[in-house]
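S.K.: Each chain is listed here by its residues.
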Amino acid sequence: MSTEPPESAVPPPTGAGESSPAPTRRTFIATTTAVGGAVVAGGVIGGPLLSDPEAVAAQAPPTSRVSLTVNGTRRTATVDNRTSLLDLLREHFGLTGAKKGCNAGACGACTVLVDGHRVNSCLTLAVRLEGAEVTTIEGLAEGDRLHPLQQAFIDQDAFQCGYCTPGQIVSGVGCIKEGHTGSPEEIREWMSGNICRCGCYVKIVRAVEQTAGRK
Amino acid sequence: MHPFSYTRVSDTREAVDAGRRGGRYIAGGTTLVDLMRETVERPETLVDITGLPLGEITATERGGLRIGALVTMSEAAAHAKVRTLYPVVSEALELSASAQLRNMATIGGNIMQRTRCTYFRDVTADCNKRDPGSGCAALHGVNRTHAILGTSGACVATHPSDVAVAFAALEARVHLLGPDGTRRVPFSDFLLRPGSTPQREQALLKGELITAVEIPALPRPLRSGYLKVRDRQSYEFALTSAAVALHIRGGVIREARVAAGGVGTVPWKLPAVERHLVGERPSGALWSAAAAKASDGARPLQHNRFKVELLKRTVERQLRVVGGTK
Chain A
215 MSTEPPESAV
225 PPPTGAGESS
235 PAPTRRTFIA
245 TTTAVGGAVV
255 AGGVIGGPLL
265 SDPEAVAAQA
275 PPTSRVSLTV
285 NGTRRTATVD
295 NRTSLLDLLR
305 EHFGLTGAKK
315 GCNAGACGAC
325 TVLVDGHRVN
335 SCLTLAVRLE
345 GAEVTTIEGL
355 AEGDRLHPLQ
365 QAFIDQDAFQ
375 CGYCTPGQIV
385 SGVGCIKEGH
395 TGSPEEIREW
405 MSGNICRCGC
415 YVKIVRAVEQ
425 TAGRK
Chain B
832 MHPFSYTRVS
842 DTREAVDAGR
852 RGGRYIAGGT
862 TLVDLMRETV
872 ERPETLVDIT
882 GLPLGEITAT
892 ERGGLRIGAL
902 VTMSEAAAHA
912 KVRTLYPVVS
922 EALELSASAQ
932 LRNMATIGGN
942 IMQRTRCTYF
952 RDVTADCNKR
962 DPGSGCAALH
972 GVNRTHAILG
982 TSGACVATHP
992 SDVAVAFAAL
1002 EARVHLLGPD
1012 GTRRVPFSDF
1022 LLRPGSTPQR
1032 EQALLKGELI
1042 TAVEIPALPR
1052 PLRSGYLKVR
1062 DRQSYEFALT
1072 SAAVALHIRG
1082 GVIREARVAA
1092 GGVGTVPWKL
1102 PAVERHLVGE
1112 RPSGALWSAA
1122 AAKASDGARP
1132 LQHNRFKVEL
1142 LKRTVERQLR
1152 VVGGTK
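Sequence lines, in order, name chains A and B.
Residue numbering for the first sequence follows the numbering used here, beginning at 215 and increasing consecutively.
Residue numbering for the second sequence follows the numbering used here, beginning at 832 and increasing consecutively.
Isolated chain A, as found in the complex:
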């Protein structure tokens, strides 16, 4: 399974240590990987292989500039062309809700909406999203008011470890929007792109049913 990349460019969480002195799991990981990354980077820069600045430039992988809207906010970034939307969200924008499970389009943990359609962000090259509108799990609630499906996951107790949950919820939002909620069987089939290792499927189906029924 995935790990936090050592060179993780997670921006320093804003406000950490100011309004909230207690370190969260996220700020702790970001801080420690930043320290680890500095040590590794020092080793590489000091090495003989990349000492010539021209050689470094010649080997620099192609990058592109991309502007897109994420959860209603216009964002611009310059990315290595190989960057996935998932890595753009997590490592450039600090939106760590979408999860890296398989990184191969097989588990659904990275599901986000692009222009209203649910997709696997791990298989989406960020460079291709010029002008796109992306919605992640972070963009579903309205202020402190949870999205009805987020509330339904709590009401139905539809998760255990929670790792797949952001992908399940975003996928469920897509499933409801597409209208594939006619029966528990139909929900199961149309939610099959989201794997839950804890096996919370019965309650996930109930949460989707609950939310679809309210509409």
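Simulated from the structure, these hints should not be mistaken for lab results.
None of the values given here were measured: they were computed from a predicted structure.
Beta carbons are placed, not taken as given, at the ideal position from N, Cα and C, and that holds for glycine.
Worth double-checking, as some hints may not be accurate.
Stated by the list, open to error - Covered stretches of chain B, as calculated for chain A (at least 3 residues, CB under 8 angstroms): (1) 853-866; (2) 929-936.
Stated by the list, open to error - Below, simulated SDA-like cross-link-like pairs (lysine to any residue); rule was C-alpha separation at most 25 angstroms, straight line: (3) A:Lys417 / B:Arg1063; (4) A:Lys417 / A:Ser406; (5) A:Lys391 / B:Thr881; (6) A:Lys391 / B:Ala909; (7) A:Lys417 / B:Ser1065; (8) A:Lys417 / B:Leu926; (9) A:Lys417 / A:Cys375; (10) B:Lys912 / A:Glu392; (11) B:Lys912 / B:Glu1086; (12) A:Lys391 / B:Gln1064; (13) B:Lys912 / A:His331; (14) A:Lys391 / B:Glu887; (15) A:Lys391 / B:Arg914.
Take the given structure of chain A and dock chain B to it, following the hints.
M.R.: Frame of chain A, contents of chain B only:
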């Protein structure tokens, strides 16, 4: 993933120019990006074709259907004309992949998708398709999911697409645009059996771009459907599958179109089964006798002998479902 340059094109001529210069087309990217991450695919330039005007489904003047190469799998599956005229196509699409992947992947990309053979995807394994001349690790390896039809000593990998099986059954044609103009290739000639050159998978010339898949008109009424047998109920590739379309009038089968998936190195048309059906009256005995020919010529490997019988049963069941007689 190896570094690559990226370019976006907005008209088909520009695309073909970029393709002719060695650029690799990317549409949905669901196969390509995955294989690039595994370094199985190492394109130097990606040509993003999603801005091209190839996203329409139109009725042809002859009564068939033309599906643009950039129509997504979910759009095609949900399209009213596809659902009413060719249920076998919409069913094959909806039994493929996941809702997320179907929102991304396109019809053109679907028929271009590469095999799921684990040795092909593992760059440390011998694979003639990925590295010609290196050998085939699947031939004497774990080959439970591999092909029993159309194989060669060089490659036994299956073609993974479902909708390609429906297209093969319906005798669709692939519309291509290349540096020298347009041409239409029968589906059965588009995907190539491995022979001694398994690295060559489609009858595409350099720079050629798929612009559409055209399903020909078939006599009406036409009943059709797709059955997929797999290790789990959803979100899995086929062990076996059957695409069936029947034109029955006056109680007699006048036309039959049958193809199988999960068993061939390409979607496997079953002309012997079709011939057995035409001119006959639907009956349980007919379905059984016709399906008995489905595995003709099969050459099973150590771990996939079960597919020989499973294929016959898959075809028989789908003939019964579509033909409507017990």
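S.K.: Each hint should be assessed against the structure and marked as holding or not.
M.R.: Hints and how they fare:
Under the rule that three or more residues need a Cβ within less than 8 angstroms of chain A, the assignment of the segment 853-866 of chain B holds, with 5 such residues. Here the segment 929-936 of chain B counts 6 residues with a CB under 8 angstroms from a CB of chain A, which clears the bar of 3, and the coverage holds. For a cut-off of 25 angstroms, the pair hint linking lysine 417 (chain A) to arginine 1063 (chain B) stands: about 20 angstroms separates their Cα positions. Among the hinted pairs, lysine 417 (chain A) with serine 406 (chain A) is consistent with the structure: their alpha-carbon atoms are about 14 angstroms apart, no more than 25 angstroms.
For the given pair, lysine 391 (chain A) sits about 24 angstroms from threonine 881 (chain B) by alpha-carbon distance, which is consistent with the 25 angstroms threshold. Only pairs whose Cα atoms come within 25 angstroms are accepted, and lysine 391 (chain A) paired with alanine 909 (chain B) is accepted, the gap being roughly 14 angstroms. Restraint check for lysine 417 (chain A) and serine 1065 (chain B): satisfied, since their Cα atoms lie roughly 18 angstroms apart, inside the 25 angstroms limit. Between lysine 417 (chain A) and leucine 926 (chain B) the alpha-carbon distance is near 24 angstroms, which keeps this suggested pair within the 25 angstroms criterion.
Between lysine 417 (chain A) and cysteine 375 (chain A) the CA atoms are separated by roughly 14 angstroms; this keeps the pair inside 25 angstroms, and the hint holds. For the suggested pair lysine 912 (chain B) and glutamate 392 (chain A), the alpha carbons sit about 18 angstroms apart, so the restraint of at most 25 angstroms is met. Only pairs whose Cα atoms come within 25 angstroms are accepted, and lysine 912 (chain B) paired with glutamate 1086 (chain B) is accepted, the gap being roughly 21 angstroms. The straight-line distance between the Cα atoms of lysine 391 (chain A) and glutamine 1064 (chain B) is roughly 23 angstroms, inside the 25 angstroms bound, and the hint therefore holds.
Taking the CA atoms of lysine 912 (chain B) and histidine 331 (chain A), the gap is near 22 angstroms; set against the 25 angstroms cutoff, the hint holds. A hinted pair counts as satisfied when its Cα atoms are at most 25 angstroms apart, and lysine 391 (chain A) with glutamate 887 (chain B) qualifies at roughly 23 angstroms. With a CA separation close to 20 angstroms, the supplied pair lysine 391 (chain A) and arginine 914 (chain B) stays within the 25 angstroms bound.
Checked against the numbered hints above, the structure violates none of them.
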